[in-house]
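A.B. asks: Sequence:
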Amino acid sequence: MFGTDKHKKVDIGQFGGKTTIIAQDAEFKGDFRFTGALQVDGRVIGNVHADQGLVRISEHGCIEGVIRAPSVLINGQVTGDVHASEHLELDAKARISGDLHYRFMEMVMGAQISGNLHYMDAELPAQVALPVDTDLVSEE
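Residues 7 to 146, numbered by this note's numbering, are exactly what the sequence shown covers, in order.
Think of the hints as simulated: they come from the structure by calculation, not from any bench.
There may be inaccurate statements among the hints.
Lysine-lysine pairs mimicking DSS-like chemistry, simulated, CA-CA at most 30 Å apart [to be verified]:
| id | residue 1 | residue 2 |
| --- | --- | --- |
| 1 | 99 | 35 |
| 2 | 99 | 24 |
| 3 | 35 | 24 |
FRET-style restraints, in silico, Cβ to Cβ [what the hints assert, rightly or not]:
| id | residue 1 | residue 2 | range |
| --- | --- | --- | --- |
| 4 | 36 | 103 | 18 to 26 Å |
| 5 | 85 | 109 | 18 to 26 Å |
| 6 | 36 | 115 | 32 to 40 Å |
| 7 | 37 | 126 | 18 to 26 Å |
| 8 | 126 | 85 | 17 to 25 Å |
| 9 | 55 | 33 | 14 to 22 Å |
| 10 | 128 | 66 | 27 to 35 Å |
| 11 | 127 | 33 | 33 to 41 Å |
| 12 | 105 | 51 | 14 to 22 Å |
| 13 | 70 | 123 | 14 to 22 Å |
| 14 | 70 | 98 | 17 to 25 Å |
Heads up, the beta-carbon is just placed ideally off N, CA and C, and yes, glycines get one too.
Please build the complete structure, drawing on both the sequences and the hints.
C.D. replies: In structure tokens, the structure reads:
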């Protein structure tokens with residue numbers, strides 16, 4: 007009842023042995039897919055996708071691309087959309103240019119977003135965009 011939080015924060019320490027670190031002076035180009043935790047202190051140019059785990063961007067970190075992960079903690083710069091299926095946390099030095107898709111979000115005073123917020127309700131089914139069949143469209 008009281009004191010129990012069913013939405014516990016994920017910490018990078020929970021992924022001992024499965025943590026990848028992009029160092030402050032390092033730059034990674036290309037798409038990055040993983041399970042576990044990713045700590046970005048440097049720069050990533052490409053999309054980041056975690057099936058399970060956490061993406062954490064420090065105040066010196068930068069990602070240019072789409073981020074998809076259950077938990078995302080941002081205190082650096084992101085240029086691209088962020089999809090956090092569970093928890094999204096924006097710290098004071100977070101600078102995001104892109105849309106945020108989240109289920110639960112925390113935002114500290116000072117964080118800046120240039121984009122739209124999209125709440126993902128677990129109760130509602132995901133919307134799927136279907137292609138338009140051009141053969142069915144009549145020209146008059």
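A.B. asks: May I ask you to test the hint 14 to 22 Å on the CB atoms belonging to residue 55 and residue 33?
C.D. replies: At roughly 19 Å between Cβ atoms, residue 33 and residue 55 fall inside 14 to 22 Å, so the hint holds.
A.B. asks: Is the distance from the Cβ of residue 70 to the Cβ of residue 123 consistent with 14 to 22 Å?
C.D. replies: Once the Cβ atoms are compared, 21 Å apart, the range 14 to 22 Å for residue 123 and residue 70 holds.
A.B. asks: Does the Cβ pair residue 105, residue 51 satisfy 14 to 22 Å?
C.D. replies: Because 19 Å falls inside the window, the suggested range holds.
A.B. asks: Given a hinted range of 18 to 26 Å, is it respected by the beta-carbon distance of residue 36 and residue 103?
C.D. replies: Hint holds: Cβ distance 21 Å, inside 18 to 26 Å.
A.B. asks: Given a hinted range of 17 to 25 Å, is it respected by the beta-carbon distance of residue 70 and residue 98?
C.D. replies: holds (21 Å)
A.B. asks: Looking only at beta-carbon atoms, does the pair residue 36, residue 115 fall within the given range of 32 to 40 Å?
C.D. replies: holds (35 Å)
A.B. asks: Is 18 to 26 Å a correct range for the gap between the Cβ atoms of residue 85 and residue 109?
C.D. replies: holds (23 Å)
A.B. asks: I want to verify a distance hint. Is the separation of the beta carbons of residue 37 and residue 126 within 18 to 26 Å?
C.D. replies: holds (22 Å)
A.B. asks: Against the 30 Å threshold, does the CA-CA distance of residue 99 and residue 35 hold or violate the hint?
C.D. replies: Satisfied, since the Cα-Cα distance of roughly 23 Å is no more than 30 Å.
A.B. asks: Just to be careful, I want the Cα atoms of residue 35 and residue 24 compared with a cutoff of 30 Å; is the pair within it?
C.D. replies: holds (21 Å)
A.B. asks: I want to verify a distance hint. Is the separation of the beta carbons of residue 126 and residue 85 within 17 to 25 Å?
C.D. replies: holds (21 Å)
A.B. asks: Range hint 33 to 41 Å: satisfied by the CB atoms of residue 127 and residue 33?
C.D. replies: Holds: the Cβ-Cβ distance is about 37 Å, inside 33 to 41 Å.
Every hint, counting from the list given before, is met by this structure.
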